[in-house]
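Trainee: Those sequence lines, one after another, are chains A and B.
Note that the working numbering has the first sequence beginning at 24, numbered continuously upward.
Note that the working numbering has the second sequence beginning at 24, numbered continuously upward.
These are calculated hints, taken from the structure and not from any lab test.
On a predicted model such as this, the values are computed, not experimentally measured, just so you know.
By construction, the Cβ of each residue, glycine as well, lies at the ideal position given by its N, Cα and C atoms.
It is possible that some hints are incorrect.
Pair by pair, the computed Cβ-Cβ distance ranges are [said to hold, decoys possible]: (1) Y50/A x R138/B: 30 to 36 Å; (2) E101/A x R66/B: 34 to 40 Å; (3) L197/A x E97/B: 47 to 53 Å; (4) L65/B x Y56/A: 50 to 56 Å; (5) L197/A x N103/B: 40 to 46 Å; (6) D94/A x E97/B: 48 to 54 Å; (7) N48/B x Y50/A: 52 to 58 Å; (8) G167/B x Q25/A: 53 to 59 Å; (9) M24/A x L65/B: 27 to 33 Å.
Each chain is listed here by its residues.
Protein chains: 2
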Amino acid sequence: MQRVIIDMDEVIADPMGDMIAWYRNKYGLEVDYQKMLGGSWLRGFPEDHQVIVKNRLMAEGFFRNLSVMLDSVEVIREMNKRYEVFIVSAATEFPNSLKDKLEWLLEHFPFLTWRQLTLCGDKRLICGDFMIDDHVRNLEQFKGKKYLFSSAHNMDVKGYDRINNWREAADIFLR
Amino acid sequence: MQRVIIDMDEVIADPMGDMIAWYRNKYGLEVDYQKMLGGSWLRGFPEDHQVIVKNRLMAEGFFRNLSVMLDSVEVIREMNKRYEVFIVSAATEFPNSLKDKLEWLLEHFPFLTWRQLTLCGDKRLICGDFMIDDHVRNLEQFKGKKYLFSSAHNMDVKGYDRINNWREAADIFLR
């Protein structure tokens with residue numbers, strides 16, 4: 024069975040979307056998507072609010088209550104029958120996110136088990152046949168086939184095959 | 024730089040030693056080391072106490088307060104200058120251990136960073152040049168050079184190069 028490595032944030036979970044909705048609601052302000060280009064959606068928030076946003080990101084519970092990316096559950100349920108699926112999240116920068124991420128995954132993807140989750144600091148030590156990730160820094164050194172999952176912060180990136188949504192992932196992996 | 028994958032429990036941290044000391048103190052009983060052979064030190068505890076032991080293992084705080092394995096700090100500090108060191112722990116079975124393990128590592132090995140820790144469910148997706156681990160199930164499918172770190176539960180295992188303690192690891196990696 025071929026192994027597919029799937030990222031969590033901005034790929035199956037939606038921290039950016041949650042944060043933008045919360046920010047709009049609390050401050051009545053919009054983010055600047057242009058400023059996200061280059062790799063970090065945090066930069067889309069006004070500079071004097073970035074500490075508040077970062078603190079919310081670091082707090083216990085934030086990653087527990089995120090929305091699930093559209094169609095990801097249905098497509099990964101099918102992929103899990105045909106591939107060895109691993110969810111790999113660069114999460115050790117956020118100590119409070121670790122248990123939240125595990126519980127979130129098992130709630131929304133009940134067909135996956137704790138054996139299929141990896142929480143790491145650096146994805147260079149992850150090997151597999153396919154990787155789906157929204158960050159070039161994670162894909163760069165991967166030895167298998169790479170797919171950049173489209174997100175506001177990577178729309179300027181060239182040179183990668185893209186997956187724009189989970190319907191497209193189904194077209195690739197479930198043909 | 025070559026990459027060394029180092030396990031946590033029974034290799035740099037001592038959950039078995041802590042549990043045995045606690046058990047002896049609480050019940051005045053000894054464990055049966057013979058029964059650990061085959062892969063699980065939990066089996067060394069009397070059957071009617073195994074639930075109590077497992078519950079203590081699952082509780083928040085258990086992995087936060089473990090002893091550090093003799094000489095591991097000094098040897099890994101030097102290894103970290105010559106190799107790309109990653110600490111990889113099969114931990115997602117224990118939701119309450121995740122943050123504890125991160126905090127424990129950064130306290131006792133302050134020269135390592137969160138980037139060097141991976142908490143996973145299955146080590147088959149980990150690649151590197153060397154792996155030091157006390158479980159055959161983790162070493163089996165590793166593509167690089169494997170070292171079985173000796174522990175009470177693996178003394179019957181044949182067919183692996185062994186590291187019996189961190190002085191021996193220094194002889195191998197810091198010659």
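Trainee: Does each hint fit the structure? Answer for all of them.
Mentor: Checked hints:
1. Y50/A x R138/B: 30 to 36 Å: holds, 32 Å
2. E101/A x R66/B: 34 to 40 Å: holds, 38 Å
3. L197/A x E97/B: 47 to 53 Å: Since the Cβ atoms of L197/A and E97/B sit about 51 Å apart, the hinted range of 47 to 53 Å holds.
4. L65/B x Y56/A: 50 to 56 Å: For L65/B and Y56/A the Cβ distance comes to about 52 Å; the hint holds.
5. L197/A x N103/B: 40 to 46 Å: holds, 43 Å
6. D94/A x E97/B: 48 to 54 Å: Given range 48 to 54 Å: holds, Cβ gap about 51 Å.
7. N48/B x Y50/A: 52 to 58 Å: Hint holds: Cβ distance 55 Å, inside 52 to 58 Å.
8. G167/B x Q25/A: 53 to 59 Å: violated, 21 Å
9. M24/A x L65/B: 27 to 33 Å: Holds - the Cβ-Cβ distance for M24/A and L65/B, about 30 Å, lies within 27 to 33 Å.
Hint 8 from the earlier list is the only one contradicted by this structure; the remaining hints agree with it.
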